[in-house]
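Chemist: Here the protein sequences line up with chains H and S, keeping their order.
Start counting the first sequence at 1; every next residue gets the next number (the numbering used here).
Start counting the second sequence at 1; every next residue gets the next number (the numbering used here).
Honestly, I wouldn't trust all of these hints.
What the hints assert, rightly or not - With a straight-line Cα cutoff of 20 Å, these simulated PhoX-like cross-link-like pairs (lysine-lysine) come out:
1) S:K250 with S:K206
2) S:K121 with S:K4
3) S:K206 with H:K270
4) S:K121 with S:K98
5) H:K245 with S:K121
6) S:K194 with S:K206
Simulated from the structure, these hints should not be mistaken for lab results.
Only a predicted model underlies this, so the values are computations on that prediction, with no experimental measurement involved.
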Amino acid sequence: MSHSLNQTTESEKIRVRLYRFDPAIDQAPRYDSYEVPRTPRMRIMDALNYIHEDLAVDFGYRWLCSTKKCGTCAVNVNGSPRLACWEEAESDMTIEPLSHMPVVRDLVTSRDSFETALSTLSPLIVRKTEYAGFPEPLTAVDMAPTEHLRDCIQCLACQAACPVLDQADSGFAGPALLVALSELAQDPRDGEDRARLASETAQVFKCVSCYECERVCPAEIPIVREAIEPLKRLARPTGTSPGAKRADAFLAVVEERGYANGALIAMRTKGVTLSAIRLAVRMALRGKIDLVEIFLKRASTKVGALRRTYESSKENK
Amino acid sequence: MSRKYAYFPGCSAKGTCKELDVSTHAVASLFGIDLQELENPGCTGAREFRAISENLHLTANGRILALAERLGQDLVAVCDTCLLNLVETNQRLKADAKARDMVNRALAEEGLAFEGVIEVKHFLWVLTEDLSEDELRQRIVRPLRGLQVAPFYGCHIQRPASVYGADRRDETPALDRLCLLLGAEVVQYQGANKCCGFHVVGAEEKIAVQMSGRHLTNAKSNGAQCIVTPCPLCHTVFDAYQPNIERQFKTRYEVPVLHVSQLVGLALGLSVEAVALSRHVVGCDSILAHIGYGANSAATAANPPSA
């Protein structure tokens, strides 16, 4: 950082390249450049406010609380999603709308597809038993697994950062929806079939485990460990997706052999397909897979104390 | 000075990427580094165990850590995903007495126990942190002569911050620095810190191929002559699946993909055989020619391994 937080000099200017696009009027997006004088502890939001108010630029951007609560001000800054009201302005910023959502105008994106997708996940508690009245018999221990998930402000920074969502037709719900679903799935009061919703509707097994969502989450939610993996644990026993089957195949192969074998796991997940044969031949020619080892070698690896752990993990099925 | 580490190769280095195991040992021996391979260590569970049962995840990784502790040495991994499982479990079991007791009850059957007395590191960090730059520089006999290298770090050597901290994220240019030290040039491209998609490639190939294809396209269009990665899973997607990527993107890439230990080994004068460079789907002749590897030796790279 070249700036000290408490000092500013008159010459210090922040350069902002601002994304401008009104789909009703413009053929294509453009970028306008502005210089903004740096002020102490300046946030991205302050730079946007200066352009709007002091430079009298009429552009669309969204914010409500300015205190990391409402989740409406997330934008892409230099290619990475940030909450504008919460992060420090950089000296050189290209500010764009969040990815993976249609632009309404300039930095304002439509949340409609997110809201619609959320509505397909039965987003309220479906009670196992009738509401018994206040106070509910809940303990801190009951609610501990969802403690961090409840910090989500649905700013959708994680949705914008998710590389699976780069593919519009992936079928994957994305991290913010999985956080919402997982919060309900781990709620002791809920009786909805969350396993099916996780596996089929949200397609949780398409998560690539890249942790990009956690990298950008302003609420610092451990999304993979506390939202996505619990959903996978819930969905695996009934899941029919290739991802759910792959988890079973992985455990079975490791139990037999002591280590994973990609070719064997693939065969048990999807069967022997033409593309799998092509891949196997290509790899075998370079000595990358050993067909003898796959088909003839029998388990000889002792996994000692793990035997019992493997057994009990399978019983969860 | 002799350095000793416990060594967990993982399923790639013992299976689809044996060249990683070979080249890691070859480079280690140049520095007198003794990598003692764990006996029957099992599997860290990749991304599967943790998504099946937390107990399974912690016990499987706790057992590997306990085996390394029995050798009394820090543990070296050569796969990003193994690394994350082991580093994360090591932190968790050191901090969480309840989880530690649960693991130790299971390990007692074998007379093993997790005590929390070692650290886990990637072999890349051994090269860039445990060795000095001078130690490396002095051994360079075949500088990489401006070879355009695109580093691909992989996710699990740098994320999540809750495991690695912000420091490790800032530290990721370790591979950039290593490439520069060896005389290569580092290709700047979008994708160096992104995801290859390996963990869904078996079940949802299209997702992984689209993701990795984008990075490959970026690397190539910014002049990359090769990709180098500390992770054999990323290697597998970029190398073994490169023909699939080519079909999807209707582009001929022919970008070789090297393990870190292979690139280092070549610069330190090791032969093509010593770093097992012929065990790739995408041939490496173009980079051998660039760094002036002997014409005769270059020819051997095109042939299947003798072993």
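Chemist: Each hint needs a verdict: does it hold in this structure or not?
Modeler: Here is what the structure says about each hint:
no.	hint	in the structure
1	S:K250 with S:K206	holds, 14 Å
2	S:K121 with S:K4	holds, 13 Å
3	S:K206 with H:K270	holds, 14 Å
4	S:K121 with S:K98	violated, 25 Å
5	H:K245 with S:K121	violated, 32 Å
6	S:K194 with S:K206	holds, 17 Å
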